[in-house]
Structure formats: C-alpha cells, structure tokens
Amino acid sequence: MKNFKLLKSPTGIQGLDEVTNGGIPKNRSTLLLGNTGSGKTILAMEFLVNGIVLFDEPAVFMAFEEKKEDLLMNLKSLTYNLDTHIANNKIYIEEVLINPDEMRETGIYDLEGLFVRLEQAINKVRAKRVVLDSLDKLFYGLDNKILRSEFLRLLSWLNKMKVTSIISSEIGDHFLTHRGIEEYVANCVIALDNRVTNQIATRRLRIVKYRGSIHGNNEYPFTIDEKGISVYPIISETFQPELTSKRISSGIKDLDEMLGKKGFYEGSSILISGTAGTGKTSTAVSFAYSVCKANKRCLFCAFEEAPKQIIRNMGSIGFHLDQLVKSGILTFYYSRPSLQNLELHFLAIKKIINELKPTVVILDPITNLMTEGPNSDIRSMLTRFIDFLKTQHITVMFTAAITVGSIERNPSDEGISSMVDTWMMVQDIEIDAERRRSLCVMKSRGMVHSTDVRKFKISTKGITLLRIVANNKGPLADSKRKAKEHDNLSTSKESIWVKEGPVNENTK
Amino acid sequence: MSKKIAHNVKVNTQALKDKGGKYILCLFVSGNLPNSASAVVNIKAICEKYLKDRYELEIIDIYQHPDLAITEQIVVLPVLIKKFPMPKVRMLGDLSNTEEVLNGLGLV
Numbered sequence: 014m015k016n017f018k019l020l021k022s023p024t025g026i027q028g029l030d031e032v033t034n035g036g037i038p039k040n041r042s043t044l045l046l047g048n049t050g051s052g053k054t055i056l057a058m059e060f061l062v063n064g065i066v067l068f069d070e071p072a073v074f075m076a077f078e079e080k081k082e083d084l085l086m087n088l089k090s091l092t093y094n095l096d097t098h099i100a101n102n103k104i105y106i107e108e109v110l111i112n113p114d115e116m117r118e119t120g121i122y123d124l125e126g127l128f129v130r131l132e133q134a135i136n137k138v139r140a141k142r143v144v145l146d147s148l149d150k151l152f153y154g155l156d157n158k159i160l161r162s163e164f165l166r167l168l169s170w171l172n173k174m175k176v177t178s179i180i181s182s183e184i185g186d187h188f189l190t191h192r193g194i195e196e197y198v199a200n201c202v203i204a205l206d207n208r209v210t211n212q213i214a215t216r217r218l219r220i221v222k223y224r225g226s227i228h229g230n231n232e233y234p235f236t237i238d239e240k241g242i243s244v245y246p247i248i249s250e251t252f253q254p255e256l257t258s259k260r261i262s263s264g265i266k267d268l269d270e271m272l273g274k275k276g277f278y279e280g281s282s283i284l285i286s287g288t289a290g291t292g293k294t295s296t297a298v299s300f301a302y303s304v305c306k307a308n309k310r311c312l313f314c315a316f317e318e319a320p321k322q323i324i325r326n327m328g329s330i331g332f333h334l335d336q337l338v339k340s341g342i343l344t345f346y347y348s349r350p351s352l353q354n355l356e357l358h359f360l361a362i363k364k365i366i367n368e369l370k371p372t373v374v375i376l377d378p379i380t381n382l383m384t385e386g387p388n389s390d391i392r393s394m395l396t397r398f399i400d401f402l403k404t405q406h407i408t409v410m411f412t413a414a415i416t417v418g419s420i421e422r423n424p425s426d427e428g429i430s431s432m433v434d435t436w437m438m439v440q441d442i443e444i445d446a447e448r449r450r451s452l453c454v455m456k457s458r459g460m461v462h463s464t465d466v467r468k469f470k471i472s473t474k475g476i477t478l479l480r481i482v483a484n485n486k487g488p489l490a491d492s493k494r495k496a497k498e499h500d501n502l503s504t505s506k507e508s509i510w511v512k513e514g515p516v517n518e519n520t521k
Numbered sequence: 318m319s320k321k322i323a324h325n326v327k328v329n330t331q332a333l334k335d336k337g338g339k340y341i342l343c344l345f346v347s348g349n350l351p352n353s354a355s356a357v358v359n360i361k362a363i364c365e366k367y368l369k370d371r372y373e374l375e376i377i378d379i380y381q382h383p384d385l386a387i388t389e390q391i392v393v394l395p396v397l398i399k400k401f402p403m404p405k406v407r408m409l410g411d412l413s414n415t416e417e418v419l420n421g422l423g424l425v
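Chains as they are written, first to last, in this note's numbering: chain A, 14 to 521; chain B, 318 to 425.
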C-alpha cells in the first residue's frame with residue numbers, strides 16, 4: 014500500500030495544532046459545533062487570520078449570523094487587524110442575510126445561489142481558507158431533505174475548489190447533529206463548550222472525530238483573551254523531560270543539609286504543606302530570596318496575600334524583597350483565585366513564564382485555587398502545569414494550606430503530594446503547653462534525605478532548623494529541656510539523646 | 318395536482334384593483350437547470366392567468382449576473398422576489414405549487 018499521508022492545514026492556534034497533530038484536514042471541511050457564546054466565530058476567524066499572517070493564505074468569511082459591521086465591531090477587541098487585511102485584499106467578508114419571514118417554499122430548489130457567491134468570493138481574493146458561520150440560519154425554515162443533499166454537495170464542492178473550510182453550527186436540535194450528517198460526511202468535527210461549574214465558566218474543546226488522523230481524545234480547556242484562543246493540551250504521556258542532576262539551594266542552610274546536604278534538584282517540584290501560621294510562606298520566600306540573590310529570576314505567584322503585604326511582612330524576618338522587585342529579578346503575580354478559573358490562572362502564569370523565563374516559580378498557596386473547581390479537574394490541570402514547568406526546566410515550589418489534623422482528611426493535598434518530587438511538611442507541635450513549629454521532609458525523590466523532625470525557627474535573621482531534643486517519652490518542651498540538660502551536665506547521662514545535626518544554638 | 322388546486326383558488330380581484338399599480342416581480346434562475354426552467358414556465362403561466370397586463374416580470378440568470386447574487390442576497394435558486402406591492406416576499410423553488418405562489422403574491 015502506498016504510504017498515504019493526510020495533508021493538514023495548521024490553524025496557528027496555540028494548542029489546537031498539537032491536539033489535532035498538525036491542524037485540520039487540508040482542502041476539506043471541518044465542522045465546528047458549539048452553543049451560542051462558545052467561541053465558534055472567534056476560533057474560525059483566528060483560523061483565517063493566522064492563515065493570512067502565518068501562511069499567506071487569503072481567506073473568505075461568509076457571515077450568516079452577523080452583519081459585517083457588527084462582526085468587525087465584535088472582533089475589534091482582539092488583535093486581528095481585520096481592517097488592514099481587508100484593505101490588503103487578504104480577507105473578504107460577505108454577509109449572507111436570510112430572512113425566514115419573507116420566504117415561502119413553492120417547489121424544489123437548491124443552494125446554487127450560495128455556490129455562485131462562494132465562488133465569486135473565493136476568486137476575489139484567491140482564497141485558500143473559507144469559513145461559513147454558521148449554517149443554522151440557513152437550516153431554519155428550509156426543507157431539510159433538500160438541504161441535506163445540498164450540504165453534501167457543498168462539502169464536495171469546497172473540496173474541489175481546493176479550499177480548507179470551517180463550517181460552524183450550533184449543537185442542539187438542529188440538522189447536523191440530529192440527522193447524523195457529520196457522522197459520515199465531515200472528515201473532522203470539533204466541538205466547543207462553555208460550561209459553568211461553581212459559578213466559574215470554563216471553555217472546552219474536543220475533537221469529536223478526525224478521519225485518518227491521530228488526535229487527542231480529551232476535552233481540552235481553552236481560553237479567549239485579547240490575543241485570541243489558546244487551547245491547553247495535556248502533554249502526551251510519552252513526554253520525558255530532560256533531567257539534570259544539578260542542585261539548587263533551598264535558601265535555608267539547615268534544610269539543604271537535610272536534603273542530602275545540597276538542596277533540591279533543579280527543575281523539580283516541591284510542596285510545602287502545613288496548617289495556618291506554620292511558616293509556609295516564609296519558607297517559600299526564603300527560597301525565592303536565595304534564588305534572586307544568586308542572580309536568577311524568580312516568579313512569585315501570590316493568591317492569598319498581596320505582594321506589598323508579603324514584602325512588608327518578610328522584611329521583618331530579614332528578607333528585603335523590594336529591591337529585588339525593583340531590579341526586576343523577582344516578579345510578583347497577584348490574583349484573587351475567584352477572579353477567574355484555574356485554567357486562566359495557569360494560562361496567565363504560563364504567559365508570564367514565557368516572557369520572563371524564570372528559574373524558579375512559586376505558587377503560594379496552591380490550595381486557594383483548589384476551591385475553584387472540582388477536584389479531579391484541579392489535579393489534571395496541576396499535573397499539566399507541572400509537566401509544562403518540567404519541560405522548561407523550571408523549579409516550582411507550591412505551598413498548600415491544610416486543615417488541622419491528619420493529611421488523610423485532605424485528599425486534595427494528598428493528590429498534590431503524589432505529583433511532586435519533594436514534599437515538606439511544616440507543623441505545629443504542642444509540647445507541654447508550648448506551641449512549637451516543626452519541619453520534616455516527607456519525601457524527596459532521588460536523594461538521601463533526613464527523616465528528622467526539626468524545630469523550625471523563624472527569627473529576624475531568617476529561618477533556622479534546630480534539632481529537637483527528646484527523651485524516650487517524646488519531645489521535650491524548651492523549658493523542660495533546658496532543665497533536663499542542666500541536670501545532665503551536673504548528674505548522669507540518663508535517657509536524653511540528642512539527634513545528630515548541625516550545632517544547636519540552645520546547647521551552646 | 319397543482320393545476321387542480323389553482324382552479325379552486327378564489328382570486329381576490331377587488332384587493333388587487335385597490336392596490337393599483339403593477340406587480341414588480343424578479344425571477345432569479347440558474348441557467349437552464351431543470352428547476353429553473355420549470356420556474357420560468359410556471360411563473361409565466363401564473364402571471365398570464367391572474368395578473369394579465371398588471372405585472373412586470375424580469376428573469377435574471379445568476380450565472381450571467383453573479384454580482385446580483387450579493388446585492389439581492391440570493392442563496393436559494395430558483396427564487397421569485399415580489400418587489401412590489403409590499404411586503405417583499407421571496408418564493409423559493411420551481412413555483413410548481415400554484416396556491417403557495419398566489420399566496421405569496423397576495424392574491425388569495
């Protein structure tokens with residue numbers, strides 16, 4: 014058999030070409046299905062504009078739904094420069110007005126009028142790409158039997174004209190889906206959807222079918238902003254990022270010591286979880302601070318405290334961030350989690366990352382984002398985000414606030430912890446009516462790490478981790494320990510043991 | 318069948334007289350394709366029978382005047398557009414359903 018390769022026409026839309034494995038079928042028609050407001054017109058228009066800008070393929074847009082002026086007005090907010098393309102004869106927009114009120118059926122007819130117009134339009138700009146948006150108007154009130162055969166004729170005619178086309182239609186009680194037309198006619202069917210979960214709308218895209226091509230099967234979230242559409246594909250499972258065995262300091266000398274004396278792996282993902290007030294943000298800032306001091310860029314994404322507040326608060330423990338921000342080495346991204354959905358947050362962050370190229374990204378706290386959507390979504394999105402960062406060799410640190418009690422009670426946290434390479438837990442331990450911060454490394458893939466629970470001390474000079482002195486009944490409170498140590502020095506060696514570790518200030 | 322219906326149709330001649338003026342009709346066809354050819358035959362017969370001396374009929378081949386397809390917003394062919402009297406009506410198809418045509422012309 015001949016090695017047949019399906020020719021594809023790249024859409025130039027971020028993510029869509031990855032999902033379709035190269036674009037939509039060249040010189041064929043793709044059906045674009047979706048409800049009102051799902052982004053059909055914008056996707057179709059972006060396909061055309063990208064064709065002009067990226068591939069020098071002129072375009073025709075047949076507007077059935079909107080008047081030309083309205084269409085241009087509505088697309089003004091996007092950076093498509095349609096006016097310029099129209100002036101340069103690169104795109105031709107024609108409105109096809111159908112008024113069912115003034116129509117009467119008096120016999121057999123066909124859509125020859127549309128064909129004549131399409132042919133003229135295509136010849137006018139020598140179009141290679143055509144959009145018909147949308148056919149539903151046409152299928153109101155007209156005889157479905159005729160339209161069905163005419164629709165088939167249209168697809169093969171467009172094929173003969175050697176144009177790549179997108180034909181949009183609303184999903185629902187109309188002709189295309191219900192009559193099963195797309196099942197056997199269209200080579201490629203893409204469905205768009207705008208779903209509202211927990212009051213936050215998420216746009217999704219799915220390749221329903223793509224004859225003769227491998228394509229992603231999932232629903233992919235996508236966003237529309239002033240630059241157009243971005244589809245957020247899940248990176249394929251075969252993805253294997255290049256790994257490095259280089260290490261990066263955590264910014265806390267004692268913590269580096271616990272992590273095989275060297276710190277984190279570069280490009281790994283780190284999670285710090287803990288209850289409120291245990292020092293998660295401080296640990297994260299300390300990491301960011303040391304990265305910036307080493308003259309590497311850091312992006313700090315704050316979802317709880319405003320950057321100014323973080324800068325002020327961290328000044329009190331010896332991290333003076335304002336100069337770093339001024340010099341541009343430290344960048345804050347601050348956004349309220351409920352402002353937009355998680356995908357949009359990640360997309361916004363992804364865009365900043367692409368511009369900034371930071372060495373380290375910090376998300377503080379990731380759990381605040383967790384409230385904004387169902388858990389499974391969040392997990393998959395987070396996985397994709399981590400994958401993305403890994404391909405960019407960016408070290409990422411998340412903080413996660415957990416409720417007091419066991420980790421088992423917080424499945425979302427457990428969910429993240431299996432995704433990350435290094436997981437540290439900061440906890441409050443109460444010993445003899447004294448509240449004490451502690452830190453332990455729960456896991457750290459690929460390195461020898463300490464299993465100690467260390468005393469976590471935040472002072473004006475930063476963070477230090479101290480050994481915890483315990484007797485066989487459990488850890489000792491500071492006051493008691495001092496007494497005990499005093500006893501030890503004067504009397505016997507009894508049952509006190511001191512864990513190995515850096516020299517303890519308290520015992521000096 | 319259609320002829321039989323046509324015989325039973327009562328034409329409101331009074332209404333026609335009240336309106337005065339001529340009917341202005343435009344038939345758009347696609348060359349000599351069967352539907353278009355029968356549309357021409359049908360409209361001529363209807364006009365002669367019900368609108369004698371009271372109509373202007375223009376037959377336009379869209380292949381000869383493709384630009385008119387845009388200005389007249391033609392999608393379906395053949396199509397008969399009643400431009401006068403108001404309201405504007407588009408009659409789609411080969412005009413074989415005489416009753417519908419008369420309806421569209423406002424003659425019933």
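If you're looking for bench data, these hints aren't it; they were derived computationally from the structure. From a predicted model like this one, the values you see are computed outputs, not experimental measurements. Ideal Cβ placement from N, Cα and C applies to all residues, glycine included. Take these hints with a grain of salt, some might be off.
[Said to hold, decoys possible] Residues on chain A that point at chain B, a partial pick, calculated with CB under 10 angstroms:
id, residue
1, Val109
2, Phe128
3, Arg130
4, Val466
[Claimed, not checked] Pairs of lysine-lysine residues, derived as DSS-like cross-links and limited to a Cα-Cα distance of at most 27 angstroms, are as follows:
id, chain 1, residue 1, chain 2, residue 2
5, A, Lys81, B, Lys400
6, A, Lys274, A, Lys306
7, A, Lys150, B, Lys400
8, A, Lys309, A, Lys321
9, A, Lys150, B, Lys405
10, A, Lys259, A, Lys240
11, A, Lys21, A, Lys275
12, A, Lys339, A, Lys370
13, A, Lys222, A, Lys81
14, B, Lys339, B, Lys366
15, A, Lys21, A, Lys259
16, B, Lys405, A, Lys81
17, B, Lys405, B, Lys369
18, B, Lys366, A, Lys80
19, A, Lys137, A, Lys89
20, A, Lys474, A, Lys274
21, A, Lys80, B, Lys369
22, A, Lys274, A, Lys80
[To be verified] Label-pair distances were calculated between CB atoms; the ranges are:
id, chain 1, residue 1, chain 2, residue 2, range
23, A, Ala214, B, Thr388, 46 to 52 angstroms
24, A, Asp69, B, Glu416, 50 to 56 angstroms
25, A, Asn136, B, Ile376, 21 to 27 angstroms
26, B, Phe401, A, Glu239, 44 to 50 angstroms
27, B, Gly338, A, Leu20, 40 to 46 angstroms
28, B, Glu375, A, Asn157, 28 to 34 angstroms
29, A, Glu115, B, Asp384, 18 to 24 angstroms
30, B, Glu416, A, Asn207, 16 to 22 angstroms
31, B, Asp384, A, Leu85, 20 to 26 angstroms
32, A, Asn101, B, Ile376, 34 to 40 angstroms
Cross-check of the supplied hints:
1. Nearest Cβ of chain B to the Cβ of Val109/A: about 6 angstroms, under the 10 angstroms cut. The hint holds.
2. Annotation: Phe128/A was flagged as interfacial toward chain B, and the flag holds, the nearest CB pair being 9 angstroms apart, inside 10 angstroms.
3. Residue-level restraint check for Arg130/A holds (minimum Cβ-Cβ distance to chain B is 5 angstroms; threshold 10 angstroms).
4. The closest approach between the C-beta of Val466/A and any C-beta of chain B is roughly 76 angstroms, which is over the 10 angstroms cut-off, so the hint fails.
5. A C-alpha spacing of about 25 angstroms is found between Lys81/A and Lys400/B, which places the hinted pair at or below 27 angstroms, so the restraint holds.
6. At roughly 20 angstroms between alpha-carbon atoms, Lys274/A and Lys306/A fall within 27 angstroms of each other, so this suggested pair holds.
7. Simply put, Lys150/A and Lys400/B have alpha-carbon atoms about 23 angstroms apart, close enough for the 27 angstroms limit, and the pair holds.
8. For the suggested pair Lys309/A and Lys321/A, the alpha carbons sit about 21 angstroms apart, so the restraint of at most 27 angstroms is met.
9. Proposed proximity of Lys150/A and Lys405/B is supported: the alpha carbons are some 19 angstroms apart, at most 27 angstroms.
10. Of the supplied pair hints, the one linking Lys259/A and Lys240/A is violated, its CA atoms being roughly 37 angstroms apart against a limit of 27 angstroms.
11. Taking the CA atoms of Lys21/A and Lys275/A, the gap is near 49 angstroms; set against the 27 angstroms cutoff, the hint is violated.
12. A C-alpha spacing of about 17 angstroms is found between Lys339/A and Lys370/A, which places the hinted pair at or below 27 angstroms, so the restraint holds.
13. As the CA atoms of Lys222/A and Lys81/A are separated by approximately 31 angstroms, the hinted pair breaks the 27 angstroms bound.
14. Simply put, Lys339/B and Lys366/B have alpha-carbon atoms about 15 angstroms apart, close enough for the 27 angstroms limit, and the pair holds.
15. A distance of roughly 41 angstroms separates the Cα atoms of Lys21/A and Lys259/A; the hinted pair therefore is violated under the 27 angstroms criterion.
16. For a cut-off of 27 angstroms, the pair hint linking Lys405/B to Lys81/A stands: about 23 angstroms separates their Cα positions.
17. Between Lys405/B and Lys369/B, the direct Cα distance comes to roughly 20 angstroms. Compliance with the 27 angstroms bound is thereby established for this hinted pair.
18. Our distance criterion of 27 angstroms between C-alpha atoms is broken by Lys366/B and Lys80/A, whose separation comes to about 40 angstroms.
19. For the hint pairing Lys137/A with Lys89/A, the CA-to-CA distance comes to about 24 angstroms; that is within 27 angstroms, so the pair holds.
20. For the proposed pair Lys474/A and Lys274/A, the alpha carbon gap of about 21 angstroms is at most 27 angstroms, so the pair holds.
21. Taking the CA atoms of Lys80/A and Lys369/B, the gap is near 39 angstroms; set against the 27 angstroms cutoff, the hint is violated.
22. Taking the CA atoms of Lys274/A and Lys80/A, the gap is about 68 angstroms. The hint is violated against a cut of 27 angstroms.
23. Taking the beta carbon of each, Ala214/A and Thr388/B are about 41 angstroms apart, not inside 46 to 52 angstroms as hinted.
24. A beta carbon spacing of about 54 angstroms between Asp69/A and Glu416/B agrees with the range 50 to 56 angstroms that was offered as a hint.
25. Take Asn136/A and Ile376/B: their Cβ atoms lie about 25 angstroms apart, and the range 21 to 27 angstroms holds.
26. Judged by the Cβ atoms, the range 44 to 50 angstroms given for Phe401/B and Glu239/A holds: they are separated by roughly 48 angstroms.
27. Evaluation of the 40 to 46 angstroms hint for Gly338/B and Leu20/A yields a failure: the beta carbon distance comes to about 58 angstroms.
28. The given range of 28 to 34 angstroms is respected by Glu375/B and Asn157/A, whose C-beta atoms sit roughly 31 angstroms from each other.
29. Checked against the hint of 18 to 24 angstroms, the pair Glu115/A and Asp384/B passes, with Cβ atoms roughly 22 angstroms apart.
30. Between Glu416/B and Asn207/A the CB atoms are about 45 angstroms apart, so this pair departs from the stated range of 16 to 22 angstroms.
31. For the pair Asp384/B and Leu85/A, the beta carbons lie near 22 angstroms from each other, so the given range of 20 to 26 angstroms is met.
32. A C-beta distance of roughly 39 angstroms is found between Asn101/A and Ile376/B, which places it inside the suggested range of 34 to 40 angstroms.
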